[in-house]
Structures are given as structure tokens and as C-alpha cells.
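Colleague: Order-wise, the sequence lines are chains A and B. The letter at position 100 of the first sequence is residue 100 when you use the numbering used here, and the numbering goes up by one with no holes. The letter at position 477 of the second sequence is residue 477 when you use the numbering used here, and the numbering goes up by one with no holes.
These are calculated hints, taken from the structure and not from any lab test. Since we're looking at a predicted model, the values are computed, not measured. Idealized CB from N, CA, C, for every residue including glycine. Treat the hints with care, since some could be wrong.
Said to hold, decoys possible - Taking beta-carbon pairs under 7 Å as the criterion, some of the chain B residues facing chain A (in silico): (1) Phe134; (2) Glu141; (3) Leu145; (4) Tyr161; (5) Ile179; (6) Ser302; (7) Gly411; (8) Pro414.
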Amino acid sequence: MQEFAGIFNYLVVVVLMMIGFYITIANRNLVKKLIGLNIFQASVFILFISMGYVHDATAPIVADGHTAYSSPLPHVLILTAIVVGISTTAVGLALVIRIYKSYGSIEEDEIIEKMEEVE
Amino acid sequence: MITGHLPILLLIMPLLAAPLCVLLHRDILSWFLALLVFLGVFAGAWALLGSVLEIEVWRYTIGAWESPWGIELYVDSLNAFVLVIVASIGAASLLFARQSVASEIAADRTYLFYSALLLNLTGLIGVILTGDAFNLFVFIEISSLSGYALISLGRKRLALYAAYRYLILGTVGATFILIGVGLLYVVTGTLNLQDIGVRIADVSADRTLATAICFLLIGLSMKLALFPLHVWLPAAYSAAPSVVSVFLAGTTTKVFIYVLIRYVFDIFGLDTIRGILPLGDILVLLSMLAILYGSWMAIVRSSIKSILAYSSVAQIGYMVLGIGLFTRTGLTASILHMFNHALIKSALFMAAACLIYRLGTDRLEDLRNSSGCMPWTRAAFVLGGFSLIGVPGTVGFLSKWYLLQATIESGNWPALAVMIIGSLMAVVYFWKIVEAFYFRQPAQDTGEKMTEAPLMMLAPLWLLILANIYFGIDTDLTLDSITLAVSSLAGL
Numbered sequence: 001m002q003e004f005a006g007i008f009n010y011l012v013v014v015v016l017m018m019i020g021f022y023i024t025i026a027n028r029n030l031v032k033k034l035i036g037l038n039i040f041q042a043s044v045f046i047l048f049i050s051m052g053y054v055h056d057a058t059a060p061i062v063a064d065g066h067t068a069y070s071s072p073l074p075h076v077l078i079l080t081a082i083v084v085g086i087s088t089t090a091v092g093l094a095l096v097i098r099i100y101k102s103y104g105s106i107e108e109d110e111i112i113e114k115m116e117e118v119e
Numbered sequence: 001m002i003t004g005h006l007p008i009l010l011l012i013m014p015l016l017a018a019p020l021c022v023l024l025h026r027d028i029l030s031w032f033l034a035l036l037v038f039l040g041v042f043a044g045a046w047a048l049l050g051s052v053l054e055i056e057v058w059r060y061t062i063g064a065w066e067s068p069w070g071i072e073l074y075v076d077s078l079n080a081f082v083l084v085i086v087a088s089i090g091a092a093s094l095l096f097a098r099q100s101v102a103s104e105i106a107a108d109r110t111y112l113f114y115s116a117l118l119l120n121l122t123g124l125i126g127v128i129l130t131g132d133a134f135n136l137f138v139f140i141e142i143s144s145l146s147g148y149a150l151i152s153l154g155r156k157r158l159a160l161y162a163a164y165r166y167l168i169l170g171t172v173g174a175t176f177i178l179i180g181v182g183l184l185y186v187v188t189g190t191l192n193l194q195d196i197g198v199r200i201a202d203v204s205a206d207r208t209l210a211t212a213i214c215f216l217l218i219g220l221s222m223k224l225a226l227f228p229l230h231v232w233l234p235a236a237y238s239a240a241p242s243v244v245s246v247f248l249a250g251t252t253t254k255v256f257i258y259v260l261i262r263y264v265f266d267i268f269g270l271d272t273i274r275g276i277l278p279l280g281d282i283l284v285l286l287s288m289l290a291i292l293y294g295s296w297m298a299i300v301r302s303s304i305k306s307i308l309a310y311s312s313v314a315q316i317g318y319m320v321l322g323i324g325l326f327t328r329t330g331l332t333a334s335i336l337h338m339f340n341h342a343l344i345k346s347a348l349f350m351a352a353a354c355l356i357y358r359l360g361t362d363r364l365e366d367l368r369n370s371s372g373c374m375p376w377t378r379a380a381f382v383l384g385g386f387s388l389i390g391v392p393g394t395v396g397f398l399s400k401w402y403l404l405q406a407t408i409e410s411g412n413w414p415a416l417a418v419m420i421i422g423s424l425m426a427v428v429y430f431w432k433i434v435e436a437f438y439f440r441q442p443a444q445d446t447g448e449k450m451t452e453a454p455l456m457m458l459a460p461l462w463l464l465i466l467a468n469i470y471f472g473i474d475t476d477l478t479l480d481s482i483t484l485a486v487s488s489l490a491g492l
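Please construct the entire structure, taking both the sequences and the accompanying hints into account.
Modeller: Have a look at this one:
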């Protein structure tokens with residue numbers, strides 16, 4: 001049971017990662033692809049946060065009565081990575097809006113069809 | 001005093017200039033500011049290479065926090081040389097940019113274009129100079145995000161879809177790199193690249209390390225467009241605004257090939273890699289496929305930018321082939337080809353941009369109907385093409401020569417055969433363009449004479465073409481820095 005608790009977070013990470021990655025690859029809808037990408041990235045955030053966690057440890061501020069401290073570094077990294085993720089989503093959604101305006105669709109199949117007409 | 005802070009200055013200049021460009025707002029002013037910064041980075045990069053050739057390694061600690069606790073910029077002859085490639089191509093494209101951009105992008109938006117270009121440069125310089133694994137990821141994303149925006153500004157609506165696809169694949173690649181960095185942190189407890197390199201020797205080859213290395217390598221392959229992860233590249237390069245194609249084709253993929261070299265030879269070391277997976281064989285196989293596939297697709301395409309983009313996929317194959325051989329000569333050939341290919345491809349994309357500027361098209365069909373005009377642009381294109389094929393006296397010959405030597409040295413005959421077939425295929429697709437240029441009678445005489453491209457575009461184009469010939473004859477500068485770079489990498 002103890003062992004299971006230790007790897008529970010990582011199991012969640014793997015499941016989320018596969019769900020997100022599958023949506024990104026397999027879905028033909030441009031907005032849903034971005035949603036998949038977000039789930040994929042969120043799983044990586046959880047991976048980083050889990051690795052910084054130490055059982056029974058506190059925040060890394062030296063104080064009496066504490067000997068074990070969690071590593072704050074992964075959490076700080078993930079704050080940055082979240083910002084990067086949001087920027088990516090914003091650029092992606094802006095592109096989807098422009099695509100919708102010029103192709104009249106956000107379904108990949110229809111866009112490719114219309115592209116061949118022009119080319 | 002200020003020369004002591006040269007590495008960080010190279011990063012800060014374009015980063016500060018990007019918002020300044022937005023504030024300036026005027027089309028001509030923003031171009032001028034961007035030009036100044038690109039020229040400044042160009043000068044700084046050569047100065048940095050000069051000083052690194054003397055002192056070998058320059059570790060710049062940001063805020064004077066000692067590494068591995070603080071974040072450092074790590075400069076040796078390898079990345080100083082890559083920085084020179086990026087800075088030179090950047091300066092040439094900015095000189096070239098003004099009129100081409102004005103003709104392809106709405107006048108009230110050009111300041112945003114230059115701002116994004118400056119951010120892209122910031123990201124690339126950051127990727128090259130940083131000595132920190134996580135900063136590497138952040139800089140990759142800075143250059144990529146601005147790259148998506150730049151590509152989406154292309155004239156055709158294909159550009160939007162190409163940028164979107166690049167965004168999806170690029171982000172997946174960058175996230176793979178992030179996972180790799182995280183797992184590396186788990187096994188080594190540090191993010192400083194050199195420190196990882198030291199501590200990785202004590203890590204027994206366990207599954208976490210293997211997973212970390214695989215994620216990193218796949219993420220990087222995606223970013224450097226190694227076959228079969230290249231699918232974003234052709235559409236993105238051919239649909240992007242002409243200046244963006246010139247700049248990205250000469251810089252982005254080279255920078256990621258540099259990161260691959262840094263990780264494989266410097267950080268992980270060949271012994272660690274060999275214990276985990278047969279990376280050399282995989283890279284050689286994939287690069288052979290890349291050469292054949294890229295050249296074949298270039299043969300069947302019918303517009304110049306698209307041909308050049310697929311040819312880039314093939315040329316990336318040549319660079320990765322040199323890495324995959326895991327020999328000194330191979331690595332030398334690979335780094336040399338990074339420099340040479342940047343010169344070749346940017347010059348060719350510039351010639352294509354000149355054609356688009358005057359004729360409004362780069363389709364071979366339409367070029368046939370206008371043969372006889374723009375002799376200088378066409379001549380430049382032909383010279384660049386000679387270099388691409390590898391005619392003696394051009395830089396393309398040098399890199400092919402070194403790569404041939406490397407394959408013979410390691411007795412890799414299939415790779416040798418593929419290289420020769422690839423060069424012959426390059427003759428075929430290049431001949432298609434030459435034929436459209438010179439050997440077709442004009443279908444109908446429109447009566448109006450097409451003028452040559454403006455001097456501001458022709459001058460940088462010919463500058464790069466002359467550099468193609470100059471560095472093909474005088475090899476001291478390039479080979480000296482590359483030899484030093486290769487000998488500083490461990491494990492060879």
C-alpha cells in the first residue's frame with residue numbers, strides 16, 4: 001500500500017500524458033488538439049511537482065523541529081513552464097481564429113480539402 | 001569594463017529592442033532599430049568567438065551567483081561558432097528585409113514583424129549561450145513562439161495552417177525536452193549542463209536515465225526536423241514570408257543540431273549513450289532516409305520555395321549523418337556543413353525572395369513565362385545551386401568532401417552510396433529550376449520589361465553568394481574554430 005501511494009502521482013502523470021498526447025495526435029478538430037496539448041503539458045507539470053515532494057517534509061525554511069525539507073526548485077520551474085504553456089495556448093487559439101476566418105472551418109479534413117482547391 | 005559582460009549583452013540587446021520596436025511604431029524606424037541590433041549582435045558574436053578561441057571557455061555567471069547554484073552562460077568555441085552563424089545570417093537577412101517585408105506585410109504591422117524577429121533572435125541566442133538545462137527549454141519556447149507568429153504572416157492562407165501545425169508539433173517536441181530535463185534533474189539533482197555532465201558519470205545506467213535521454217533526443221529531433229519528424233518544416237518554410245524563410249532556414253535547425261551535439265558529446269558522453277541505445281546507427285539510418293526522401297520530394301515539387309524547403313530536410317540529413325558516425329571527422333563535417341548550409345540556403349531563399357518581390361510568384365510554371373529578366377538574381381541562384389550540389393570552389397564542396405572522408409574512414413558504405421545518390425538528386429531538382437530560368441522560350445511576349453530586384457536586396461544576396469565562394473577557398477577561419485570545438489568535446 002505504501003509503495004502504491006509512492007507511485008500514485010506518477011501513474012496519474014502517465015495516464016494524463018497518454019490521454020493528452022492521443023487527443024493531440026488523433027483528433028481532427030483544431031481546438032480539441034490544443035486542449036489535448038494542454039492536458040499533455042499539465043501532466044508534465046504534475047510530474048515536476050511530484051518529484052519535488054518529500055514525505056513529511058516542510059517548506060525549505062530553516063526552523064527548529066524540522067529536519068526534512070522539500071525541494072522548491074521544481075515548483076519554481078513549473079511556474080515558468082505554466083506561463084510558457086499559457087502563451088503557447090494563446091498563440092495557438094489566435095491562429096485557430098485566423099484559420100477559421102480564412103477557411104471557414106476548424107476541422108482539419110475540411111481545411112486540407114479547401115487547401116487543395118487553391119493549390 | 002563592458003567587454004567583460006559580452007555574453008549577457010548579446011542576449012539583452014535584442015530582448016530590450018523587441019518592445020522598443022513596438023513603441024517606435026514607425027515602419028522605417030523599427031527596421032532601423034532591428035538592423036542596428038542585428039549588426040551589434042553580429043559584431044559581438046565575432047568578438048566573442050575571437051576571445052573564446054584564446055581563452056577556450058568563458059563561464060559567465062549571471063548576477064555573480066556561482067554555478068551550479070546560479071545560472072551561467074557557457075561559451076566555448078563550439079557555441080561561439082554557432083552564434084557566429086546565426087548572427088551573420090541574421091545581419092544579412094535584416095539588410096535584405098526592408099523592401100521584401102514592405103511588399104508582403106501590411107505597412108501598419110511591420111513594426112510587430114520586426115519585434116517578433118528580434119524575439120526570435122533572443123531565443124536562438126539564449127539556446128546557444130545558456131549553460132542551464134531549464135533555461136534552454138524557456139529559450140526554445142521564446143524562439144518557437146515568435147517563429148509561429150512570423151510564419152503565420154505569410155501571404156497565402158496556407159501559412160496559417162502551416163504555423164498551426166508547427167505549433168502543435170513544436171510544442172510536443174519542447175514538452176518532450178522538458179520531460180527529459182525533469183528526469184535528468186531527478187537522477188543528477190542539478191540543472192547546470194556542465195554539472196549534469198560531471199554527475200552523470202556516477203549514475204548507474206538505470207531506467208530513469210534511459211527514459212530521460214530518449215525523451216530529450218526525440219524532442220530535439222522533432223525541433224531539428226529529422227526525418228520522419230520533419231513534417232512541419234516544408235509547409236512552414238515555403239508558406240512563411242520570404243524574409244522569415246531566409247532567416248529561419250539559416251538558423252533554427254542549425255541551433256537545434258548544435259543542442260543535439262552538445263547533449264550527445266558533451267553532457268551525456270558517448271559511453272553513457274552507448275550503454276543505453278545504439279544512437280549512432282539510428283541517426284545514420286534516419287539521416288540516410290532523410291537525404292533520399294527530402295531530395296525525392298524536392299524533385300517532384302513545383303515551386304522554388306517548396307523545393308528549397310524539402311532540400312533542407314535532405315541537408316539536415318547530411319548534418320545528422322556526420323554526428324551519427326561518432327568520429328572526429330564526422331563531427332567536423334557536420335559542424336562545417338551547419339555553417340556552409342546556412343550560407344547556401346539563406347542565399348537561395350534570398351534569390352527566391354527577389355523573384356517573388358518582382359514577379360509575385362515562385363512557381364516554376366510562371367517563371368518559364370518570364371525568362372530573360374532579372375539576370376543578376378538568376379545568376380546568384382545558379383551559383384548558390386552549385387554550392388548546394390557541391391561543385392569544387394564552393395562551400396558545399398568542402399562539407400561534402402569532409403563527409404565523404406568521414407564515411408570512408410568509418411567504412412560505412414551504404415551511407416557513402418546514399419550521399420552520392422543524394423548529390424545526384426540535388427543536380428536533378430536544381431536542374432529543374434535552371435531549365436525554367438534559361439531554357440524556355442517566353443510563351444507570350446508581354447512587352448513590358450521586368451526590372452532587376454532593388455539594390456538593397458541584391459547586395460546582401462550577392463554578399464552571401466560571395467561568402468559561399470570565399471569560404472570555399474579560404475578555409476582557415478572555419479576549420480580552425482571547428483577543430484578546436486571538436487577537440488574540446490569529450491569522448492572522441
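Colleague: Compare the structure with each hint and give your call.
Modeller: So, going through the hints one by one against the coordinates:
1. Phe134: Cβ of Phe134(B) sits 5 Å from chain A, so the hint holds.
2. Glu141: Nearest chain A Cβ about 5 Å off; hint holds.
3. Leu145: Since chain A brings a Cβ to about 6 Å from Leu145(B), closer than 7 Å, the hint holds.
4. Tyr161: holds (6 Å)
5. Ile179: holds (6 Å)
6. Ser302: With a minimum Cβ separation of about 10 Å from chain A (threshold 7 Å), the hint on Ser302(B) is violated.
7. Gly411: Gly411(B) check fails; min Cβ-Cβ to chain A is 39 Å, beyond 7 Å.
8. Pro414: violated (32 Å)
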